[in-house]
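Residue-level listing of the chains:
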Amino acid sequence: MAGTLLEVENLHTTFTIPAGEVKAVRGVSFSLERGRTLGIVGESGSGKTVLARSVMRLNLGTNVTTTGTAIFEGTDLLTRSPAEMRSLWGSEMAMVFQDPMTSLNPLVRVQRQVTEHLCRHIDLSRSEARQAAVDLLKEVRIPDPETRLRAFPHELSGGMRQRVCIAVALACEPSLLFADEPTTALDVTVQHQILNLLSREQTDRDMAMVLVTHDLGVVAGRTDDTMVMYAGTVVEHAPTRSLFADMRHPYSEALMRSIPRTSLPSHTRLAAITGRPPDLIAPPTGCAFSPRCPYVQDRCIEETPPLVATEDPAHRLACWTPVGSPEGQAAFQKNLASGLPQAVAVDISNPRPPTRGVEVDS
Amino acid sequence: MAGTGKAHLRTGEDVLMTVEDLVVEFPVGRGRTVKAVSGISFDIRSGETLGLVGESGCGKSTTGRAIIQLPRPTSGTVTFKGVDLAELSDEEIRRRRTHIQMIFQDPISSLNPRRTVGDIVAEPLRVWGPHDEAEQKGIVDRMLDAVGVDPDVARDKRPHEFSGGQCQRISIARSLVVGPDLLICDEPVSALDVSVQAQILNLLEDLKAEYGLTVVFIAHDLAVVKNISDRVAVMYLGKLCEVASPDVLYAEAAHPYTDLLLGSVPEPDPSVEIDESLIEGGELPSPINPPSGCRFRTRCDRATDLCTSEEPQMRGVADDHFVACHHPLVAVAG
Amino acid sequence: MGAAVDTVEPTAAVRRPWIRRFVAKMPWTTRFCASWLIVIVTATVFADLIPGLADPNYQGFLFGDGATNEGPGLSHFLGTDNNSRDILARIVYGARVSLTVALAAVFMGVVFGGFFGSLVGFVRGKTDSTVMAVVDVILAFPGLVLLLTVVTLLGRRDLVVIAAVIGFLSIPPYTRVARANALSISRREFVTAARAIGTKKRTILFREVIPNVLPTLLAYAMVNAAVIILLEGALAFLGLSVEPPTSSWGTMVNAARVDLQINVWPAVWPSLALVFTVYSLNNVGDWLRRLRSVRSAAL
Numbered sequence: 001m002a003g004t005l006l007e008v009e010n011l012h013t014t015f016t017i018p019a020g021e022v023k024a025v026r027g028v029s030f031s032l033e034r035g036r037t038l039g040i041v042g043e044s045g046s047g048k049t050v051l052a053r054s055v056m057r058l059n060l061g062t063n064v065t066t067t068g069t070a071i072f073e074g075t076d077l078l079t080r081s082p083a084e085m086r087s088l089w090g091s092e093m094a095m096v097f098q099d100p101m102t103s104l105n106p107l108v109r110v111q112r113q114v115t116e117h118l119c120r121h122i123d124l125s126r127s128e129a130r131q132a133a134v135d136l137l138k139e140v141r142i143p144d145p146e147t148r149l150r151a152f153p154h155e156l157s158g159g160m161r162q163r164v165c166i167a168v169a170l171a172c173e174p175s176l177l178f179a180d181e182p183t184t185a186l187d188v189t190v191q192h193q194i195l196n197l198l199s200r201e202q203t204d205r206d207m208a209m210v211l212v213t214h215d216l217g218v219v220a221g222r223t224d225d226t227m228v229m230y231a232g233t234v235v236e237h238a239p240t241r242s243l244f245a246d247m248r249h250p251y252s253e254a255l256m257r258s259i260p261r262t263s264l265p266s267h268t269r270l271a272a273i274t275g276r277p278p279d280l281i282a283p284p285t286g287c288a289f290s291p292r293c294p295y296v297q298d299r300c301i302e303e304t305p306p307l308v309a310t311e312d313p314a315h316r317l318a319c320w321t322p323v324g325s326p327e328g329q330a331a332f333q334k335n336l337a338s339g340l341p342q343a344v345a346v347d348i349s350n351p352r353p354p355t356r357g358v359e360v361d362s
Numbered sequence: 363m364a365g366t367g368k369a370h371l372r373t374g375e376d377v378l379m380t381v382e383d384l385v386v387e388f389p390v391g392r393g394r395t396v397k398a399v400s401g402i403s404f405d406i407r408s409g410e411t412l413g414l415v416g417e418s419g420c421g422k423s424t425t426g427r428a429i430i431q432l433p434r435p436t437s438g439t440v441t442f443k444g445v446d447l448a449e450l451s452d453e454e455i456r457r458r459r460t461h462i463q464m465i466f467q468d469p470i471s472s473l474n475p476r477r478t479v480g481d482i483v484a485e486p487l488r489v490w491g492p493h494d495e496a497e498q499k500g501i502v503d504r505m506l507d508a509v510g511v512d513p514d515v516a517r518d519k520r521p522h523e524f525s526g527g528q529c530q531r532i533s534i535a536r537s538l539v540v541g542p543d544l545l546i547c548d549e550p551v552s553a554l555d556v557s558v559q560a561q562i563l564n565l566l567e568d569l570k571a572e573y574g575l576t577v578v579f580i581a582h583d584l585a586v587v588k589n590i591s592d593r594v595a596v597m598y599l600g601k602l603c604e605v606a607s608p609d610v611l612y613a614e615a616a617h618p619y620t621d622l623l624l625g626s627v628p629e630p631d632p633s634v635e636i637d638e639s640l641i642e643g644g645e646l647p648s649p650i651n652p653p654s655g656c657r658f659r660t661r662c663d664r665a666t667d668l669c670t671s672e673e674p675q676m677r678g679v680a681d682d683h684f685v686a687c688h689h690p691l692v693a694v695a696g
Numbered sequence: 697m698g699a700a701v702d703t704v705e706p707t708a709a710v711r712r713p714w715i716r717r718f719v720a721k722m723p724w725t726t727r728f729c730a731s732w733l734i735v736i737v738t739a740t741v742f743a744d745l746i747p748g749l750a751d752p753n754y755q756g757f758l759f760g761d762g763a764t765n766e767g768p769g770l771s772h773f774l775g776t777d778n779n780s781r782d783i784l785a786r787i788v789y790g791a792r793v794s795l796t797v798a799l800a801a802v803f804m805g806v807v808f809g810g811f812f813g814s815l816v817g818f819v820r821g822k823t824d825s826t827v828m829a830v831v832d833v834i835l836a837f838p839g840l841v842l843l844l845t846v847v848t849l850l851g852r853r854d855l856v857v858i859a860a861v862i863g864f865l866s867i868p869p870y871t872r873v874a875r876a877n878a879l880s881i882s883r884r885e886f887v888t889a890a891r892a893i894g895t896k897k898r899t900i901l902f903r904e905v906i907p908n909v910l911p912t913l914l915a916y917a918m919v920n921a922a923v924i925i926l927l928e929g930a931l932a933f934l935g936l937s938v939e940p941p942t943s944s945w946g947t948m949v950n951a952a953r954v955d956l957q958i959n960v961w962p963a964v965w966p967s968l969a970l971v972f973t974v975y976s977l978n979n980v981g982d983w984l985r986r987l988r989s990v991r992s993a994a995l
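Read top to bottom, the protein sequences are chains A, B and C.
Residues in the first sequence are numbered consecutively from 1, following the working numbering.
Residues in the second sequence are numbered consecutively from 363, following the working numbering.
Residues in the third sequence are numbered consecutively from 697, following the working numbering.
Check each hint, because a few of them may be wrong.
Residues from chain B shown here face chain C by an in silico Cβ test under 8 Å; the list is partial [what the hints assert, rightly or not]:
#  : residue
1  : 430
2  : 432
3  : 456
4  : 459
5  : 460
6  : 463
7  : 464
8  : 468
9  : 471
10 : 472
11 : 474
12 : 476
13 : 485
14 : 486
15 : 489
16 : 490
Below 16 Å or equal to it, Euclidean Cα-Cα: the simulated EDC-like pairs (lysine to aspartate or glutamate) are [to be verified]:
#  : chain 1 : residue 1 : chain 2 : residue 2
17 : B       : 499       : B       : 512
18 : B       : 368       : B       : 673
19 : B       : 368       : B       : 681
20 : A       : 138       : B       : 642
21 : C       : 896       : B       : 453
22 : B       : 443       : B       : 382
23 : C       : 721       : C       : 982
24 : B       : 499       : B       : 518
25 : C       : 897       : B       : 453
26 : B       : 570       : B       : 543
27 : B       : 519       : B       : 503
28 : C       : 897       : B       : 454
29 : C       : 896       : B       : 452
30 : C       : 897       : B       : 452
31 : B       : 443       : B       : 375
32 : C       : 896       : B       : 454
Don't read these hints as lab results, they were simulated from the structure.
Predicted model, so just to flag it, every value in this text is computed and none were measured.
We put the CB at the ideal spot given by N, CA and C, even for glycine.
Modelling step: build the complete structure from the supplied sequences, incorporating the hints.
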């Protein structure tokens, strides 16, 4: 690998709203090497999207404050001027958004949407720009690109629109691509095509990619590393294969076990996570997952666990009582014995846990 | 996939509802119609969960709404407990509404923002009784408690004070308060986070057992459908492709479309091989002017001239496994 | 059970009485505007209780008695006009006309327009096209001509006639606003859910649709009331509003126009009252609409 491309240190993003300060991202650090893919997984409110937008400086509004550092190719993105950021967007870093309908201008034909970016960064004649646009649409596998150039976004299907968005993002060969839930709005077969397309482009161009998603299935086969986020913090960060082989954080494990899977028989009881995510205006002390964690101990409520390496230095974890460790085992047994609802709910030896009342999240 | 035909229909006393040759079309101006559902047939036994799965635009939600006659189907029969609902007058339908209830995808939009939760859940009782307020309150409280919402906390609040998962629980409570036989769930968990989705799926399983419900579960997520269903019907562009029990269907899909769908599901397991070849954009044909013969033929790599000229009929490939395809992926039994 | 941990904690504001909660959320300009409206309405309603205040021909208000074209002072707070009538008294009395006309327009608009609009937006089909055709015809018909016709036919030009005609003319725009809203609300799933429960259509209209149309309609009414007050002023200016000596803000400005070189005050005060009231209605109306959109954003 050709060295570090992006190095994020202790990033905090806070939104000030009338009700208080929403601490959407609370001290996230990670680094990304050139040509690698990083998956960021979390549920809504985990801060994954805000994190991506903070790094790209795309958080709009006057009520946002971001602190920390995000070193991209040697300079800190967070201290750059808006003009400097504009020259980076598109040429060095680009983003693909969740909703392909709203991220394209409905009144502008595909051709101009694609070439606009090209022209801003590279000097091209009209015919050259047109040819470049055709090539790009071909590259993102849009059939009949000459005709499609004249189309308006609403004349294209959701999958085609997302392909156009990808073409726009790739137009100036960025070295870093953020894909924020790029397939959430799409059908499963189209999702599969788009993910394949993104993987192929990423490999061909040796581009670094950050794939933000709520779906563990999306990151599983398509990223080098995976970062699991909960309530604005990273709880586990590991090479994807080692993460899925050995989920150490109780939240990662619980998330995994709550997903219905086609490989499991019908009517398999899902181990749902009890309760609901914390209020980010006043996050709980200690570990943010502690109120819902089956392994919770007194220490978890008092002290925030740091994100530190496990026996495997690449596998980093923020937990006092990791899954599979002796402390974790002891903690779980203790909670089970004392009848802690979240522990009872996931107890495998009890085939039909009493869901009534336990799952009450009101 | 154009499958018509009724080889997969069952007979017997325990069949609660049979839908035959259901057609739903919407005019879109200039004499054109969207053929949302084009002659599908299926049945459901008492206590069974039927999963109706397909991508957006396949007509699965329209089918769900046609069952409750909102709007009424263009043609076809919906025989529920021996009575064809499509034949009944509006008032007769209204009187049978308590038998079939529906849960919608968007939990927040399906609750009136200006009414309190207690009021919303009591609404069916106000129509059907009991009309005694204390009695109503008792039933509402029991129902809210049954879906895992604390009645004392929720009663006087309005929907926007609750999360999506809680709103979905409240809308489940509203639909069960009249004691329906059949519950139609239209994408009930699609708008929810995975951890909440698991809670709602478990809740539906529990309520189904407790109240002896029969469920039509409409969804686009194959894993969710497999988890909750006893029988799965796959739809494509207004037609039925394949009907089987989930464990059979997911193990040996007979229809090329089912196979494509299953191959596209992202598995949370890095060791599962991903078919990287699928990258071209296969476009869904227009439901205004669907392909002749088998409707899936434009995206199918097994398609032949036969598929263009003739619509495949539903036929059995194994015990309780039916497929509407000229060239199924498994050998046809018998 | 441990589940109760996540109880939705009501914010401190929820516990306060609703009126204080309401006011607490207002920006200070809106508070000022709302106060102004309250003062105007109170003064109009209770004017009769203050001796002479509500008599448009009153000359000796509070202190002294009527010199013509007196400037603002202690004897007549706002001065007197060319007939030595107290301007404050005439403004208060004139507010009755202006506000009654506005109220009539808003009332008829919200009640009839709101009902018809919600109804046709909900049922759609033939009823919809028929009602909307009628609405379009009324909208296209010149209001001034209608007013002239009615006034000529009845041979009188009092408050009831003016209010009735303006009220009738404001039904169509309300119908349109209500219909547009009812259309989108009828597509929401809670309406389908109500039908699936077996609720009768009439009940759905009154319980599910109209309550959701009403807030938008009331916000529109606030802005519309301002337009109506201006319209009455314009009509008065043309000599088409209430007959003298009955005052309205519009007729006052109209009368003062002649002596503008001698005394500006009789024109300035009613104009200021008009401007303040219109601005306040707009401001409060906007605030109500923002309040509503914030709430629906949270839905």
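Each hint tested on the structure:
Hint on residue 430 of chain B holds. Least Cβ distance to chain C is approximately 5 Å, under the 8 Å limit. Residue-level restraint check for residue 432 of chain B holds (minimum Cβ-Cβ distance to chain C is 6 Å; threshold 8 Å). With a least beta-carbon distance of about 5 Å to chain C, the hint placing residue 456 of chain B at the interface is held under the 8 Å criterion. Annotation: residue 459 of chain B was flagged as interfacial toward chain C, and the flag holds, the nearest CB pair being 3 Å apart, inside 8 Å.
At about 7 Å, the closest approach between the beta carbon of residue 460 of chain B and any beta carbon in chain C falls short of 8 Å, and the interface hint on this residue holds. Interface hint at residue 463 of chain B: satisfied, since its Cβ lies 6 Å from the closest Cβ of chain C, which is below the 8 Å cut-off. The beta carbon of residue 464 of chain B is positioned within 8 Å of a beta carbon in chain C (closest approach about 5 Å), and the interface hint is therefore held. At a threshold of 8 Å, the smallest CB-CB gap from residue 468 of chain B to chain C is about 6 Å, leaving the interface hint in force.
For residue 471 of chain B, the interface hint holds, since its Cβ comes within 8 Å of a Cβ in chain C; the closest pair sits about 5 Å apart. Interface restraint check: residue 472 of chain B against chain C, minimum CB-CB distance 4 Å, threshold 8 Å, status holds. A distance limit of 8 Å between C-beta atoms decides the matter here; for residue 474 of chain B the minimum to chain C is near 5 Å, and the interface restraint holds. With its C-beta approaching chain C no nearer than about 5 Å, residue 476 of chain B sits inside the 8 Å limit, and its interface hint holds.
At a threshold of 8 Å, the smallest CB-CB gap from residue 485 of chain B to chain C is about 6 Å, leaving the interface hint in force. With a least beta-carbon distance of about 5 Å to chain C, the hint placing residue 486 of chain B at the interface is held under the 8 Å criterion. Taking 8 Å as the C-beta cut-off, the interface hint given for residue 489 of chain B holds, the closest approach to chain C being about 5 Å. For residue 490 of chain B, the suggested interface contact is upheld, since its CB lies about 7 Å from the closest CB of chain C, less than 8 Å.
Between residue 499 of chain B and residue 512 of chain B the CA atoms are separated by roughly 13 Å; this keeps the pair inside 16 Å, and the hint holds. Annotation: proposed proximity of residue 368 of chain B to residue 673 of chain B holds, straight-line Cα distance about 14 Å (limit 16 Å). Under the criterion of a C-alpha separation no larger than 16 Å, the hint pairing residue 368 of chain B with residue 681 of chain B is consistent with the structure, at around 15 Å. Distance restraint check for residue 138 of chain A and residue 642 of chain B: the Cα-Cα separation of roughly 10 Å lies within the 16 Å cut-off, and the hinted pair is therefore satisfied.
For a cut-off of 16 Å, the pair hint linking residue 896 of chain C to residue 453 of chain B stands: about 9 Å separates their Cα positions. Between residue 443 of chain B and residue 382 of chain B the alpha-carbon distance is near 14 Å, which keeps this suggested pair within the 16 Å criterion. For a cut-off of 16 Å, the pair hint linking residue 721 of chain C to residue 982 of chain C stands: about 14 Å separates their Cα positions. Between residue 499 of chain B and residue 518 of chain B, the direct Cα distance comes to roughly 12 Å. Compliance with the 16 Å bound is thereby established for this hinted pair.
At most 16 Å may separate the alpha-carbon atoms for a hinted pair to count; residue 897 of chain C and residue 453 of chain B meet this at roughly 11 Å. For the hint linking residue 570 of chain B to residue 543 of chain B, the alpha-carbon distance of about 10 Å falls within 16 Å, and the restraint holds. Taking the CA atoms of residue 519 of chain B and residue 503 of chain B, the gap is near 14 Å; set against the 16 Å cutoff, the hint holds. About 14 Å separates the Cα atoms of residue 897 of chain C and residue 454 of chain B, which keeps this hinted pair within 16 Å; it holds.
Only pairs whose Cα atoms come within 16 Å are accepted, and residue 896 of chain C paired with residue 452 of chain B is accepted, the gap being roughly 10 Å. Between residue 897 of chain C and residue 452 of chain B the CA atoms are separated by roughly 11 Å; this keeps the pair inside 16 Å, and the hint holds. Between the alpha carbons of residue 443 of chain B and residue 375 of chain B the distance comes to roughly 9 Å, so the proposed pair stays at or under 16 Å and holds. Proximity of residue 896 of chain C to residue 454 of chain B is assessed by CA-CA distance (about 12 Å); at most 16 Å being required, the pair is judged to hold.
The structure fails none of the hints (numbered hints given earlier).
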